[in-house]
Amino acid sequence: MTNQLLLYKAVELFDGLTTDQIEALITISQQEVYHEDQTIFAQDDEGDRMYIIRSGQVEVSVQKNIHTPAETKIFLGQGQIFGEIALIDYGRRSATVKAMADKTVVDTIHRENFNKLCQSNTAIGFVVMRNLAIDLSYKLRHQNLRDAER
Amino acid sequence: MVYKVSYVVLGGGHPGAIINQFEEPEVGQHVRIGKKTFEIVEVNELMPARGDFAFLHATVRLLEAKRKKNL
Chain P
1 MTNQLLLYKA VELFDGLTTD QIEALITISQ QEVYHEDQTI FAQDDEGDRM
51 YIIRSGQVEV SVQKNIHTPA ETKIFLGQGQ IFGEIALIDY GRRSATVKAM
101 ADKTVVDTIH RENFNKLCQS NTAIGFVVMR NLAIDLSYKL RHQNLRDAER
Chain A
1001 MVYKVSYVVL GGGHPGAIIN QFEEPEVGQH VRIGKKTFEI VEVNELMPAR
1051 GDFAFLHATV RLLEAKRKKN L
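Protein chains in written order, with the numbering used here: chain P, 1 to 150; chain A, 1001 to 1071.
Hints in this document: simulated from the structure, not taken from any laboratory.
Mixed in with the good hints, there may be bad ones.
Partial pick of chain P residues on the chain A-facing surface, computed with a CB cut under 8 Å [unchecked claim]:
(1) Thr2
(2) Gly56
(3) Glu59
(4) Val62
(5) Gln80
Every value quoted in this text rests on a predicted model; they were computed, and no experiment measured them.
Think of the CB as a built atom: it goes at the ideal place given N, C-alpha and C, for glycine as much as any other residue.
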């Protein structure tokens, strides 16, 4: 089993997929490497892909307006996904994401390739979309717990 | 088992993190979030486990703050 397959089996987004289905996703993913403090994408950028963190951490920050500094919303580590909102709603990036460590490695899945794969294999589309919803609810739960701490 | 951990920092001044890890987090362990190190003070289940995934909530405190208190 390849390292990438092992990693993807530990990513909740792909939970419930068969090895063949995960391998189909691997064929449409591309690896990118970022150095410490490098911006992966900026708020209001156009977004056409989502990201899976293979190693390292990223900081997600939001700037409410040009007169206020950006506020860090969360740090995401190995196995987490980001950029999925733009993949779903075709909107611009809602946050800026920056690598926090040298050699932060992410895999990207382009929307167009993802949609094509889901159309040719609807089972993959159903499972991944269900897992995306679970991941978004987990992030909301994290935010609620953080708000309760304030 | 993969542990998906929501790290929430005491006091709420820090955004915390979500990290997948292969080892269950334990009280007293240190965790690096962004550019700071924290100590785990509590671990609870956040959602019931599903398949190979466990969903945990860990409360942490900044290690530097604890060190300063001890001085």
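Structure-based check of each hint:
1. The interface hint given for Thr2/P is violated, since its Cβ lies 18 Å from the closest Cβ of chain A, which is over the 8 Å cut-off.
2. Taken as an interface hint, Gly56/P does not check out: its beta carbon lies about 11 Å from the nearest beta carbon of chain A, beyond 8 Å.
3. Contact between Glu59/P and chain A, as hinted, is supported at the beta carbon level, the nearest pair being about 6 Å apart and thus within 8 Å.
4. A hinted interface residue such as Val62/P counts as satisfied when its beta carbon comes closer than 8 Å to some beta carbon of chain A; here the least separation is about 10 Å, so the hint is violated.
5. Because the smallest distance between the Cβ of Gln80/P and any Cβ of chain A comes to about 6 Å, under 8 Å, the interface hint for this residue holds.
Violated hints, listed in ascending order, are 1, 2 and 4; each of the other numbered hints is respected by the structure.
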